[in-house]
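Q: Taking the hints into account, I'd like the entire structure generated from these sequences.
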Amino acid sequence: MNFGVVVFPGSNCDQDCLYVIKDILNQPVEYIWHRDMKLESFDCIVLPGGFSYGDYLRTGAIARFSPIIKEIPEFIRQGKAVIGICNGFQILLEAGLLPGAMLRNRNIHFICRYVYIRVENSETPFTNLCRNGQILRMPIAHNEGNYNIDDKGLQELNENRQVVFRYCNSEGEITDESNPNGTLDNIAGIMNKEGNLLGIMPHPERSSESLLGSEDGLFIFKSIVKWLEKR
Amino acid sequence: MVKPEIYRSLGLTDNEYQRILDILNRDPTATELAMFSVEWSEHCGYPRSRNWLKLLPRTGKYETFLGEDAGGIIVDNLAIVFKIESHNHPSQVEPKQGAGTGVGGIIRDIFTTGARPIALLDSLRFGPLKKSFNRYIARGVVDGIQFYGNCVGVPTVGGEAYFDECYSGNCLVNVMCIGIANKEELLGARFSGVGSSIIYVGARTGRDGIGGCSVLASQELGEDEEKRPNVQIGDPFTEKCLIEATLEAAATRNMAGIKDMGAAGLTCATSEMASAGGSGAEIELRLVPRREAGMEPWEVMMSESQERMLLCVREGKEEEIERIFKKWDLGAQAIGKVTGDGIVRIRDNGKIVAEIEAQALTKAPVYDMHHKKPEYLEKVNKLDIKKLPEPKDYNRVLLRLLASPSISSKKTIYEQYDHMVQTNTITLPGSDSAVLRIKGTSIAIAATTDCNSRYCYLNPYRGAQIAVAEAARNLVCSGAEPVALTDCLNLGNPEKPDRFFQFKSCVEGIADACKFLNLAVISGNVSFYNESPRGAIYPTPVIGMVGIIDDFKKVCTQYFKGEGHTVILLGLCKEELGGSEYLKEIHRIVGGNSPEMHLQLEQGVQLTALEVIRKGLAYSAHDCSEGGLAVALAECCISDRENMLGANIDKLNSGIRPDALLFGESQSRIILSCKEDSVTEIRNIARKNNAPFQVVGHTGGKRLRIWAGEKELINLPLGKQFERWANSLESLISN
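Heads up: the protein sequence lines correspond to chains A and B, in order.
Taking the numbering used here, I'd label the letters of the first sequence as residues 280 to 510.
Taking the numbering used here, I'd label the letters of the second sequence as residues 289 to 1023.
The hints are simulated quantities; they were obtained by calculation from the structure and are not laboratory data.
Straight-line Cα separation of at most 30 Å, DSS-like style, residue types lysine-lysine; simulated pairs:
#1 B:Lys-842 to A:Lys-301
#2 B:Lys-651 to B:Lys-342
#3 A:Lys-301 to B:Lys-615
A: If you want it as structure tokens, here you go:
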């Protein structure tokens, strides 16, 4: 049961993800350089946050051409898990592995602060330790987290229960005020139809120690561990 | 013979030119003249300040080390490296790129010591935001910091922002970076080992930034001058790759030295590395990677293109090091060799274009500058507070002060910065200082920047002492023992004797405060010529200080934590209003003398608070600063938005004017909160340290009430205070 944390040039949450998996959860984990294409030994791949290639063009638009991205469809087909956090989510969108696209935050500024998200689907590899409707407190840190998709795409996401997290207030209500960046339907995280590839904007790896202000991110990492154990 | 117009246009004086002739025994080449002009500029060579900087103590409570580009302290096996640097003129000329490259430059100074950068702090000063140009500058600077800092993956965890008329026309952007390394892995900025290779890595060289350090940083800013071409352009993505590649290369132990090509670019890197290593160097300019064709040799030597570094690699290990940089898609090109003759020899296609003794080039002349007490001092220091009317409505005064841009919440700025990446930030922005745990140890470090420049304007010596004392107090309030600092001395034109008096007095103030409080000055930066046609800025000696918390579980924050806790004030409330925000905002007066500073009292208060926090007796601790006691109490109540908590302060010793009691800025005061049972023990600790102690009230409710004797002066709901304090800056800056 091996975790792999992908390192793109410009990734900057790779070390934080590795720290949580290795030092907090005591799970085997390695870095995977973005040019590596051998993924057989891994069971879960983390695409971390950061600014791959500086995000100078469009977030994730260059990283999606990295050799490792070509290997992800086969990895998913084998029923293994992939989680893209922040820039990782943006790369998955650019690669077409998740539907939709990111726009700039509606206030056109980078936003770094704690938010609340509500678990919309607890029957996933990433949320099996949560209840439906559970509220998690996690930080966001991004310029482009304003998720968008056409009506038909949104309908499909909802029908297939692919929306895993929505921004909410501390009471769990989905309101416009609790939507930090203008994202459609308060969407904070979605998964593929098969349910083994997640993209999430908030940072679970920044909220996995009480010392840092929240341990709610552990729900996600521990859910993955539990799911992998059972697999 | 070089014409005077030419060397003068490069910023060299007649005497300096004569000295160059003496060193070389011949006329300088164009390249040599350019090299001398940048190396001897104030920015690189410190000819006007060096004599005075010797006053600063370099040792303190912990072992220190003073590197070429940054310094630090050693705690067990850990080196904590830090430095602050200014990027004022570039930011005034082109705010986004100026500030962004300021961030990039200081980060390079840290990781070239072999340390991983773990935190940034920004000390910013702008003109009043009611002027649209100042808003443009402020917004651009914040944008530049977020653009660069967020991408490069170093959290921006703290800093300060002040607004004053004196910064209209000359903003200040001072950036501090902190890094950590294993002490055995520290690298120097030196050439050593004859035959070692000199390898150029990073971005290519262009014409950007030529003369940045000499023409832009070492002269006053003119009214309508077009200096934008002197500002560099930042590329944080390349910088991020450089950090990773450099640290990977450093781990091989095959690099003998490394230096950023920042101010004065290749000239500075070659000559200073040769000089520091007691070596010489021979370089072929044809090999320098270019992004522009047809550059003259002197342009290549002067360019300040960003994200470039020079390595000294042991013979035979070149390929190993080059492979690491190439993995990160970074260019690595050997451009020369270390020699043993002490000469920096620059060739262009084989032809020698410069040949100068490294020591002579890096030893800038030292000037004994004239100084004279400024005439304004006597006039502004005169203030008879008896003639000031007392406010009728204290609630209104408090609300106005909470909305003053210098006091109000800086959330609209710091939420644009990633302050959590690297997952070390225990105390997020908004408390007295930022706190970062060090992974793999039980310790944390606290960091802050501080300077009230109005105090320095009214009394340069005392103002600088206060900057040191208050920075230390901020750290103490987090539970940290202050240990060392870096200073960024922002002043006017040193050639004017009254300005130089301010500089000299500030240095003396810092030196004396540091000696008394046993703090080491481990690095620093001098930024002169902060003048526009509107005049000079207030002297602004920014102090960036680091403290150690032995056990990261014992961190304290400024917010009240629960109902019914006892509120304690350490220190004395004196009848002094000079230099206060109250005097400026309410009475429109910048005058009087700055608050008194008794280092003995300061130390007693700090030792008390530190012991109380370390023993786990305090729930909160907050320094009293701008806006005085009333503002500090309000901040204890409202600055943790989700857990606001009121207080009834009904036991204050009065006996002085109520406005001085509430809004005076007497130094050496800390507000603590604790449970009832701890009061006696805290009183005893205060007595032992000779720190004045009083219980002033209790927490609870949804209002802040403050009494002077029988008279209730403040009675305000928390929501109203929060609304003024939290939203004022955002609405002003985004207008």
